[in-house]
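Below, each chain spelled out in residue letters.
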Amino acid sequence: MTKEENILEQQFGKENPFRVPEGYFDSFADMLMSQLPEQKLQVVGMRRSRFLWMSRVAMVAAACLVSAFFTVVFWLNDSDRQHPHAVATSSVSYSNDVDEMADYTMMDNQDFYAYVSADF
Amino acid sequence: MAFNEQDIIRQLENPETRRQAFSILVRQYSEQLYWKIRRIVLTHEDANDVLQEVFLKAWNNLESFQYKSKISTWLYRIAINEALDFLRRQRKVSEVSADDAVSVANNLLADEFFDGDEVQARLQEAISMLPEVQRTVFTLRYYDEMKYSEISKLLDTSEGALKASYHLAVKKIIDFFHGHD
Numbered sequence: 001m002t003k004e005e006n007i008l009e010q011q012f013g014k015e016n017p018f019r020v021p022e023g024y025f026d027s028f029a030d031m032l033m034s035q036l037p038e039q040k041l042q043v044v045g046m047r048r049s050r051f052l053w054m055s056r057v058a059m060v061a062a063a064c065l066v067s068a069f070f071t072v073v074f075w076l077n078d079s080d081r082q083h084p085h086a087v088a089t090s091s092v093s094y095s096n097d098v099d100e101m102a103d104y105t106m107m108d109n110q111d112f113y114a115y116v117s118a119d120f
Numbered sequence: 001m002a003f004n005e006q007d008i009i010r011q012l013e014n015p016e017t018r019r020q021a022f023s024i025l026v027r028q029y030s031e032q033l034y035w036k037i038r039r040i041v042l043t044h045e046d047a048n049d050v051l052q053e054v055f056l057k058a059w060n061n062l063e064s065f066q067y068k069s070k071i072s073t074w075l076y077r078i079a080i081n082e083a084l085d086f087l088r089r090q091r092k093v094s095e096v097s098a099d100d101a102v103s104v105a106n107n108l109l110a111d112e113f114f115d116g117d118e119v120q121a122r123l124q125e126a127i128s129m130l131p132e133v134q135r136t137v138f139t140l141r142y143y144d145e146m147k148y149s150e151i152s153k154l155l156d157t158s159e160g161a162l163k164a165s166y167h168l169a170v171k172k173i174i175d176f177f178h179g180h181d
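Those protein sequences? They're chains A and B, same order as listed. Note that the working numbering gives residue 4 to position 4 of the first sequence, counting from 1, and the numbers run on in steps of one. Note that the working numbering gives residue 17 to position 17 of the second sequence, counting from 1, and the numbers run on in steps of one.
Keep in mind the hints are simulated off the structure, nothing from the lab. In this text the structure is predicted, and so the values were computed from the model without any measurement. Hints may contain errors.
Said to hold, decoys possible - Over the 10 Å line for every Cβ pair with chain A, so calculated as not near, a few chain B residues:
hint, residue
1, Asp-7
2, Arg-19
3, Arg-88
4, Arg-91
5, Asp-115
6, Gln-134
7, Tyr-148
8, Lys-153
9, Leu-155
Claimed, not checked - Result set (BS3-like, lysine-lysine): computed pairs, CA atoms no more than 27 Å apart in a straight line:
hint, chain 1, residue 1, chain 2, residue 2
10, B, Lys-153, A, Lys-14
11, A, Lys-3, B, Lys-172
12, B, Lys-147, B, Lys-70
13, A, Lys-14, B, Lys-57
14, B, Lys-147, B, Lys-172
15, B, Lys-70, B, Lys-153
16, A, Lys-3, B, Lys-92
17, B, Lys-92, B, Lys-147
18, B, Lys-92, A, Lys-14
19, A, Lys-14, B, Lys-147
20, A, Lys-3, B, Lys-70
21, B, Lys-171, B, Lys-147
22, B, Lys-68, A, Lys-14
23, B, Lys-171, A, Lys-14
Built from N, CA and C at the ideal position, the CB exists for glycine as well.
Bound-form chain B, shown alone (with noise of 0.2 Å):
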């Protein structure tokens, strides 16, 4: 059945058809979710948590959401901010200095589910060093190739100012390959 985004709406309004709603969402967004998540927090387990913790939020706070943006950006930005939140906490227990940031590289390729070689498991490592922000603009940008005016509406911030990011990092990550070779 193809997925409508008027007629879930409809059906989340509705307390007798709202789990059965949810449940469709869960099912249209998770794995593009995951994705966003997974790049920003790097292990398997660690996104998975993340993940489950968006559709609580977004469960427990259906009614914050106004229907007036698309569903699929509100869920992404409860996405993006949990990835993110994450990260802070993690940071909170250990300092990442730069030998942990090499040992990045090593648990990604101890990782069972990490299939990249050495220079992935470095490029990794250059965008964990990044900036909170600078990372998640780097990471949508690149891999999932949005567009500026997608990403602007998520982290509601100016293209502007996203090019220039985007443009650091890009930047950063060269100069961490040319430091380290």
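Just chain A, with the same shape it has in the complex (with noise of 0.2 Å):
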């Protein structure tokens, strides 16, 4: 402690000098409680920002990997026109994809494609 301090502390000590009238604390809660709006917003608690954050990472992952299936279907359908029963099977296979990736991203498919076509 320094020099002026120890003037203060021994000049004025640390005294509350302040009250509050009888039975304040006593009846502030119930006060307080008894303006206390209804709620309007929900708290997102840790877990479940996190749980919505990374919902939407697996979204635009999964956008982003059946945009490279698309390119790679055109891609094929551009190359392998005089083969079209492979151009058949990959159809197949990428439409089998697109739905494991809906499912793993666990939405539903309509809102998917949706999401998907608004984009291409």
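Take each chain as given, in its own frame, and dock them per the hints.
Rendered as structure tokens:
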């Protein structure tokens, strides 16, 4: 403690010169709670917000994968015109892969396709 | 029942138990917060108003509290900010001149919820003349005997800056009494 701090403490002390009305703290909580509005917004806990964030990341990742698949499919379509059987097989395979991705992201297929088709 | 912060946090996250948990929070912290506020705003009426604002703000912003710090730190921070905002609003209403600062002591002596003598009233007057942050640092350190590390979390200021601020505040208060003797 510095010299000045010593002087201050010796001269004035640290007693609390303020006081409150009798029973103030006993009744404060009830008074405040009676004024508290109903909460409109939901508190999003850490775990739930993390789940929502991961869901969004999964959606974006899935969208990237789908676009990659589209690119590959179109490329195959373009380069394999003489092999219709191979194209048909890859189309079926593509459809299965997209369904698998939709399941993985736990989204409804229709919502997922709508989301993807908005960009492509 | 012992206050368990983790239990309270779990209950706050659940909409069905949130109100009850918040009530426990209010009972746990209202007195501590009140005194921090009172030493800044000085009168009981103002401290009561600010304290209510603090809890209303906390209730309306529960979602912004991400449980990274202690609930007490979060509440103290709201309390300090609300008390300082109150002072700023008060200053806008009436410019504080040297003459007005003298009336702080007179107002306190006339206040039924002030039990100090004239020396104590003048001390509060001297503290009220400090810049807001210095005033806050001084009251937290001198009266609440908070560690600089704790004040640093509250005010988001380095411990070095807080120590400098506190020593400056002490010097100004002593100079105030030398000047008025």
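Verification of the hints:
| no. | hint | result |
| --- | --- | --- |
| 1 | Asp-7 | holds (14 Å) |
| 2 | Arg-19 | violated (7 Å) |
| 3 | Arg-88 | holds (21 Å) |
| 4 | Arg-91 | holds (21 Å) |
| 5 | Asp-115 | violated (5 Å) |
| 6 | Gln-134 | holds (14 Å) |
| 7 | Tyr-148 | holds (13 Å) |
| 8 | Lys-153 | holds (20 Å) |
| 9 | Leu-155 | holds (20 Å) |
| 10 | B:Lys-153 / A:Lys-14 | holds (24 Å) |
| 11 | A:Lys-3 / B:Lys-172 | holds (14 Å) |
| 12 | B:Lys-147 / B:Lys-70 | holds (16 Å) |
| 13 | A:Lys-14 / B:Lys-57 | violated (31 Å) |
| 14 | B:Lys-147 / B:Lys-172 | holds (21 Å) |
| 15 | B:Lys-70 / B:Lys-153 | holds (10 Å) |
| 16 | A:Lys-3 / B:Lys-92 | violated (36 Å) |
| 17 | B:Lys-92 / B:Lys-147 | violated (32 Å) |
| 18 | B:Lys-92 / A:Lys-14 | violated (31 Å) |
| 19 | A:Lys-14 / B:Lys-147 | holds (16 Å) |
| 20 | A:Lys-3 / B:Lys-70 | violated (35 Å) |
| 21 | B:Lys-171 / B:Lys-147 | holds (20 Å) |
| 22 | B:Lys-68 / A:Lys-14 | violated (33 Å) |
| 23 | B:Lys-171 / A:Lys-14 | holds (17 Å) |
The earlier numbered hints that this structure contradicts are 2, 5, 13, 16, 17, 18, 20 and 22.
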